[in-house]
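Let the hints inform the model, and build the full structure from the sequences given.
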Amino acid sequence: MKYAIEGGTIVTPDFILHDVAVVVDTETKKIIHMGKERLPVDMVLRLGEEDIVFPGLINAHDHLLGTYYPRVGKGPYLNWYPWDNDLKSHPLYEERSRLSNKDLYILGAYRNLLSGVVSVSDHMPHAVNQDLIKNLPVFVLSQYSLEHECSSYDLRWGRGITVEHTEAKQKNIPFITHLEEGFDEEATLGVDILMEMGALDEYTVLIHGISLSDEDVQILARQKANLVWCPSSNYYMFQTTAPVKKLLEAGVTVTLGTDSPMSGGLHLLDEMQFASSLYEKLYGEKLDPAVLVRMVTVNAARVLRLFDQGQIAEGYRAQFTVIKASRTHNVYESLVHADLGDVRLVIRDGVPLYGERRFLDFFSAFKKHYQQVTILGQDRILVGRPIHFYQQICCKLGFQKKLPFFPITLVEEMSSCQ
5 MKYAIEGGTI
15 VTPDFILHDV
25 AVVVDTETKK
35 IIHMGKERLP
45 VDMVLRLGEE
55 DIVFPGLINA
65 HDHLLGTYYP
75 RVGKGPYLNW
85 YPWDNDLKSH
95 PLYEERSRLS
105 NKDLYILGAY
115 RNLLSGVVSV
125 SDHMPHAVNQ
135 DLIKNLPVFV
145 LSQYSLEHEC
155 SSYDLRWGRG
165 ITVEHTEAKQ
175 KNIPFITHLE
185 EGFDEEATLG
195 VDILMEMGAL
205 DEYTVLIHGI
215 SLSDEDVQIL
225 ARQKANLVWC
235 PSSNYYMFQT
245 TAPVKKLLEA
255 GVTVTLGTDS
265 PMSGGLHLLD
275 EMQFASSLYE
285 KLYGEKLDPA
295 VLVRMVTVNA
305 ARVLRLFDQG
315 QIAEGYRAQF
325 TVIKASRTHN
335 VYESLVHADL
345 GDVRLVIRDG
355 VPLYGERRFL
365 DFFSAFKKHY
375 QQVTILGQDR
385 ILVGRPIHFY
395 QQICCKLGFQ
405 KKLPFFPITL
415 VEEMSSCQ
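Count along the sequence shown from 1, then add 4; that gives the number in our numbering.
Note that these hints are calculated values from the structure, not bench results.
Only true hints are included.
The calculated EDC-like cross-link candidates involving lysine to aspartate or glutamate, where the alpha carbons are at most 20 Å apart (straight line), are:
(1) Lys92 <-> Asp107
(2) Lys33 <-> Asp46
(3) Lys228 <-> Glu168
(4) Lys405 <-> Glu99
(5) Lys250 <-> Glu206
(6) Lys228 <-> Glu206
(7) Lys250 <-> Asp205
(8) Lys228 <-> Glu253
Okay, here's the thing in structure tokens:
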């Protein structure tokens, strides 16, 4: 099937386009035409003046297994290790353990989807997530190599820095690791360790980097390494964050990640808002909203080596996040200041996954199971069986758990628990 998206404002994100038709081929899952010329199609999806179409958003750092609420911790910490101990000794950790790993991954997928995210980097060992990510509504990166961190007290997720990084170069995939997530002497040597091991280059994706020195920043830029900024998690755990202004000025490619909601932001939209406000607080100036938009689209795709994602252009995957236009902000600011209620439609590989009820006819054209749900008091259509899923979560927990990143209304009573 071929359909055209007409109307609204298209943000590629490098250009802002009006009166342009975007034609999608659902068989190839790609955008096959963009322009003012109207091609013959099977269906037209008409958008309104207040609809802004962005590339499907990409969350460059998450731990789907840690999808729970609220945050845990007694920071600020010296490094991540004592936070991990606080987490595992907290009653919420036992409460979360009543849910299966599959439950947490589905919950994490919905958390991302409701905020307009179509693709996620789940920083976990393949042995943990490879069977859990296959049938989720969002795309979860599966081609990557990793370490947990470059320190003697890391969690030994990989086979060693040299082995993992060599595989990344051979397979043209990202090598992902936490780095300098702390201020002890060993944590601050992360860049030196990677340089010594020949593992710092364009394939390297560094998460956090809160203790990067000025010299480290210049080394990252020179080596063309990449950084995932997680400001909510950083500030919650350490009361500081990566030197993002210096990183951007040095030309380092920076993306944005939520981390798990047990330390980080509620969702990617929440993370964008916090990143914007924290930047202004730290530097006394505003971060260009277009830069933030690039962090969650084209930059994230480049860093994760998803070369057919992150842009709206011919030949790219048909992945779109439609946001309500703000009357007081420009198109980029509309996304940076958006909340869950502003997400109007999410499309992955040409197929709608989540959206407003006004798109019911569009959803009906696809052979997917959808449910009509209430999210924050608004009627929505959501892929899968989210009502039953949420109900089963509450049954396993033994009470109706409020999850701000998954604010679905339960109509049925929990008496149906089995």
